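Chemist: All chains, please: the whole structure from these sequences, using the hints.
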Amino acid sequence: MIDQHFLALLVVVPLLASPLCLLLPNGRLPWLLATAVAWVVFALAVFGVFRVYGDGPVSYWMGGWQPPWGIEYRLDALNALVVLIVAAIGAVVVPFAGRSVPAEVDGANIAGFYAAFLLALCGLLGIAVTGDVFNLFVFLEISSLASYTLISQGRNRRALVSAYQYLIFGTIGATFLLIGIGLLYAMTGTLNMADLARRLAEVEQTRTVFTGFAFIVVGAAIKLALFPLHLWLPNAYTHAPSVVSAFLAATATKVAVYVLLRFTFTVFGLEFSFGAAPLSLILATLAVAAILVGSVSAVTQNNVKRLLAYSSVAQIGYMVVAIAMVTALGLTAATLHLFNHALMKGALFLALGCVVYRMGGADMDSLRGLGRKMPLTMAAFVVAGLSLIGVPLTAGFISKWYLVLAAIELGWWPIVAVVLVGSLLAAIYIWRVVEVAYFREADDPARSEAPWSLLAPTWLLALANIYFGLDARLPVSLAESAASVMLGGAP
Amino acid sequence: MTGAEALPLALAIPLLGSVLIALLGRWPNLREAATLATAGGLFLVVLQVLFGLLAGEPAEVELMRFLPGVPLALHSEPLSILFALVASGLWIVTSVYAIGYMRGNNEKHQTRFYVCFAVAIFGAMGVAFAANLLTLFLFYEVLTLSTYPLVTHKGDDNARRGGRVYLGVLLATSIGLLLPAVIWVYSETGTLDFRPGGILEGHMGGIAATALLMLFLFGVGKAAVMPVHRWLPAAMVAPTPVSALLHAVAVVKAGVFTLTKVVLYIFGLDFLREVPYEVVAVYLAGFTLVAGSVVALYQTNIKRMLAYSTISQLSYIVLATMVLTPLAEIGAVVHIVAHAVAKITLFFAAGAIYVASKKTEIHQLDGIGYRMPVTMGAFAIAALSMIGVPPTGGFVSKWYMIAGAFQHDYYFVLAVLALSTALNAGYFLPIVFRAFFRREPEPPARDHGEAPVTMVAALAFTALLTLLVFVFNGPLVTFEQVILEVAP
Chain A
1 MIDQHFLALL
11 VVVPLLASPL
21 CLLLPNGRLP
31 WLLATAVAWV
41 VFALAVFGVF
51 RVYGDGPVSY
61 WMGGWQPPWG
71 IEYRLDALNA
81 LVVLIVAAIG
91 AVVVPFAGRS
101 VPAEVDGANI
111 AGFYAAFLLA
121 LCGLLGIAVT
131 GDVFNLFVFL
141 EISSLASYTL
151 ISQGRNRRAL
161 VSAYQYLIFG
171 TIGATFLLIG
181 IGLLYAMTGT
191 LNMADLARRL
201 AEVEQTRTVF
211 TGFAFIVVGA
221 AIKLALFPLH
231 LWLPNAYTHA
241 PSVVSAFLAA
251 TATKVAVYVL
261 LRFTFTVFGL
271 EFSFGAAPLS
281 LILATLAVAA
291 ILVGSVSAVT
301 QNNVKRLLAY
311 SSVAQIGYMV
321 VAIAMVTALG
331 LTAATLHLFN
341 HALMKGALFL
351 ALGCVVYRMG
361 GADMDSLRGL
371 GRKMPLTMAA
381 FVVAGLSLIG
391 VPLTAGFISK
401 WYLVLAAIEL
411 GWWPIVAVVL
421 VGSLLAAIYI
431 WRVVEVAYFR
441 EADDPARSEA
451 PWSLLAPTWL
461 LALANIYFGL
471 DARLPVSLAE
481 SAASVMLGGA
491 P
Chain B
1 MTGAEALPLA
11 LAIPLLGSVL
21 IALLGRWPNL
31 REAATLATAG
41 GLFLVVLQVL
51 FGLLAGEPAE
61 VELMRFLPGV
71 PLALHSEPLS
81 ILFALVASGL
91 WIVTSVYAIG
101 YMRGNNEKHQ
111 TRFYVCFAVA
121 IFGAMGVAFA
131 ANLLTLFLFY
141 EVLTLSTYPL
151 VTHKGDDNAR
161 RGGRVYLGVL
171 LATSIGLLLP
181 AVIWVYSETG
191 TLDFRPGGIL
201 EGHMGGIAAT
211 ALLMLFLFGV
221 GKAAVMPVHR
231 WLPAAMVAPT
241 PVSALLHAVA
251 VVKAGVFTLT
261 KVVLYIFGLD
271 FLREVPYEVV
281 AVYLAGFTLV
291 AGSVVALYQT
301 NIKRMLAYST
311 ISQLSYIVLA
321 TMVLTPLAEI
331 GAVVHIVAHA
341 VAKITLFFAA
351 GAIYVASKKT
361 EIHQLDGIGY
371 RMPVTMGAFA
381 IAALSMIGVP
391 PTGGFVSKWY
401 MIAGAFQHDY
411 YFVLAVLALS
421 TALNAGYFLP
431 IVFRAFFRRE
441 PEPPARDHGE
451 APVTMVAALA
461 FTALLTLLVF
471 VFNGPLVTFE
481 QVILEVAP
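Here the protein sequences line up with chains A and B, keeping their order. Mapping of the first sequence onto the working numbering: position 412 corresponds to residue 412, and the numbering continues sequentially without gaps. Mapping of the second sequence onto the working numbering: position 134 corresponds to residue 134, and the numbering continues sequentially without gaps.
If you're looking for bench data, these hints aren't it; they were derived computationally from the structure. This one's a predicted model, so the numbers in the text were calculated from it and none came from an experiment. Heads up, some of the hints might be wrong.
Quick list of in silico lysine to any residue cross-link-like pairs, SDA-like style, CA-CA up to 20 Å [what the hints assert, rightly or not]: (1) B/154 / A/432; (2) B/154 / A/141; (3) B/108 / A/273; (4) B/154 / A/372; (5) B/154 / A/435; (6) B/154 / A/440; (7) B/154 / A/231; (8) B/154 / A/20; (9) B/108 / A/435; (10) B/108 / A/442; (11) B/358 / B/300; (12) B/154 / A/442; (13) B/358 / B/239; (14) B/154 / B/358; (15) B/358 / B/472; (16) B/108 / A/372; (17) B/108 / A/431; (18) B/154 / A/439; (19) B/108 / B/22; (20) B/154 / B/189; (21) B/358 / B/159; (22) B/108 / A/432; (23) B/358 / B/441; (24) B/108 / B/30; (25) B/154 / B/201; (26) B/108 / A/445; (27) B/154 / B/360; (28) B/154 / A/445; (29) B/154 / A/357; (30) B/359 / B/418.
Modeler: Right, dumping it as structure tokens:
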């Protein structure tokens, strides 16, 4: 059964578990259920990745209805990687939530929190696996609504405003996508991605298709927080509970990047997206601005969660600039960074979650002297921070290597400079944290390390940064086949 | 044990040693024994690699596949053996010295100190034996990051500021300039292997090659060519054993070693002669050489003066490398050794003076030669080597550099060498004069004799090595000539 239906199960299991969570009493039970679901999903994702690499793309017809009438779920090299990222981060983050969520979320809302979390997981996986554009919109809304709920659970009252801000931006983005999808449907009469790609070729020089394209690209750009549409992101990540920041930072923007890739490369096709419209230039320009503005803003932040949020804006810039290159190497770099950035930001936010658990806040002041007080937590932060900077022997270095190599191959020297300046700015903002933690004295220097149930997931991700920095074969080969899928070669 | 078996061990020993030192942190005597055992073991292993090479079996070991076409790999060739021998040999001496220094000063966090020291040596060994540019770059960064906790050892504001400059300059140059240079080479040639005669020939030319050369020259911040030299004086906030081994030998020599390796095995001498404006590198090094000496002339703090002298001396090596004649290359290589043993002696002496008398300024040294005759005697020998007077190692290297410059009739180089010799004499001889020919101010601020015996033994030994480099320069030069024979 699993062999046939794993693609549907990937979405259905968290979807059904979510209302079950609501029925459970507040306490540890909802957490146990969520953990079990996250691990099952992870197992399914790993199975899926092996299937795709063993036998090629997998297609699943929902309810047995043949596409393009029925909804098709499809797993190829590109979305297998995205599914793997989402499921893996979910499986690591939920165990962390066991200790962290009761400390940061109102006790009466625990069951609801996990219900929303599972819905978010379901939505993100759904976006990744579906082969139907309207279904994609539905899952986008599921994940977005769940995310708004999750963010609003932060103890600080500003979490409500942040969630509201995100809701406004997110809804505009989703509406743009919906308008775009509607226009495409009006022109072609189909919603299946593969079918759309075939039929669009006949009508692609019409103004309606161009308009639809523009709506979809802008909608995706809002969801992936591309500068200057990133304004919702810093607040959302800062005020959300730590687990939510870690989960969303590592997965939500990545899935949005995937949406952009899927539409531009699969649905509209390379020639249309980057030939007829000056998309490459626009994306590259905005990405450069994102890298510089995001990094400089990060340097000036006083709250470390906010600092990491701005750093995410910059990191998304790296992915987008790599996409704008539209070469095999560039797309490899983009997908690779998708994977590596999930690892580093996940680890960084989880380490901060440990800090918040013990110190009650994540501003620079509460990090004073933590090098002594919480040595293991801060060591994990430093490892992930080095990866973010792109120091050799970490995953971040591999990303940077491919990114710079792709830029040099094209002769885009200004991009090379921007990427490296971005790395140096990353070194500055990470080092600000390191200096506070290791050189300033805490008021109460007694050792108070986070419990192992928080440390284990944090270190798992931190060590993954080192492992994939030493042996990058798996992500590199995944990224290379994803790039060849996008460029239309054999997967 | 063959050379190929010994090669991975040269990396494994200091790394495992650091773990062992960390585990033994609670028992200082055992911990120090672990440091000495690791250092001794490493030296023996490096000797094995040397014997393998002398027996005509150059070793090449692939550790793991890293990126397509670029494995993490090690190899042995005369230049790497030389650097590894210098770093690992002097590590033993420095460990002996450091035990006296750290205990004599009652320093805090000694376990962290020895652990980071061992990791830094691991980085230096990796740089020495790297078989390609990427492997070298990886270990180059290991060396930068592992020495940061050593530089900021004191943990006060001064140390933090020093550490900030240190890490800032070294990371900015390596990530901002060296990394793109490495990736550029890979993008043009598809390989990063060090090959005799270089790999760039036929792939690149004209002004692009000049740009690449400049990226390397400034990207290797550890070579301290002005204006990327600022980290070196900043690093002087570190405890003296760190300054002695790392900032006079391992770290800075890793810099000039990298440049020499890039010149010989990536560009190749013949190709580099065709690169337009390659002579700019000579002028930059010449300027640093003279300017470093001039700044050293005005320093009042002993360690800062030694730091600027190091900047100047490093540029001797860069300059000699960029003269691009065989004899000058030999001069550059010999100077790596000659400067290492002499400068470590000078730092050891500065540390011994500090431990014995708490003096750090030059003007306080009046008459100190009578209280610490061995220390100041060793200082005098090392100072002569800096100036380049026989019978010291510094004379040998200067001899080859001048001979190399004559091969090309490089009068700029000759003038710079002459000028800097005068400047070196100008700031080293007054110290020797003060120590032996001036009277101590009355009454002596603090009654003291020589520093602890382990420190004095260490510095006397390195002073002796300075003399031995002069006496036994023949084998050294013949051994290194192999580099040029394989790279015609």
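Chemist: Take the hints in turn and mark each one as holding or not.
Modeler: Hint check results:
| no. | hint | verdict |
| --- | --- | --- |
| 1 | B/154 / A/432 | holds (18 Å) |
| 2 | B/154 / A/141 | violated (54 Å) |
| 3 | B/108 / A/273 | violated (62 Å) |
| 4 | B/154 / A/372 | holds (15 Å) |
| 5 | B/154 / A/435 | holds (14 Å) |
| 6 | B/154 / A/440 | holds (13 Å) |
| 7 | B/154 / A/231 | violated (42 Å) |
| 8 | B/154 / A/20 | violated (57 Å) |
| 9 | B/108 / A/435 | holds (19 Å) |
| 10 | B/108 / A/442 | holds (18 Å) |
| 11 | B/358 / B/300 | holds (15 Å) |
| 12 | B/154 / A/442 | holds (17 Å) |
| 13 | B/358 / B/239 | holds (13 Å) |
| 14 | B/154 / B/358 | holds (16 Å) |
| 15 | B/358 / B/472 | violated (37 Å) |
| 16 | B/108 / A/372 | holds (14 Å) |
| 17 | B/108 / A/431 | violated (23 Å) |
| 18 | B/154 / A/439 | holds (10 Å) |
| 19 | B/108 / B/22 | holds (15 Å) |
| 20 | B/154 / B/189 | violated (45 Å) |
| 21 | B/358 / B/159 | holds (18 Å) |
| 22 | B/108 / A/432 | violated (24 Å) |
| 23 | B/358 / B/441 | holds (16 Å) |
| 24 | B/108 / B/30 | holds (17 Å) |
| 25 | B/154 / B/201 | violated (48 Å) |
| 26 | B/108 / A/445 | holds (17 Å) |
| 27 | B/154 / B/360 | holds (16 Å) |
| 28 | B/154 / A/445 | holds (18 Å) |
| 29 | B/154 / A/357 | violated (30 Å) |
| 30 | B/359 / B/418 | violated (32 Å) |
Taken one by one, the earlier hints fail for this structure at numbers 2, 3, 7, 8, 15, 17, 20, 22, 25, 29, 30, listed in ascending order.
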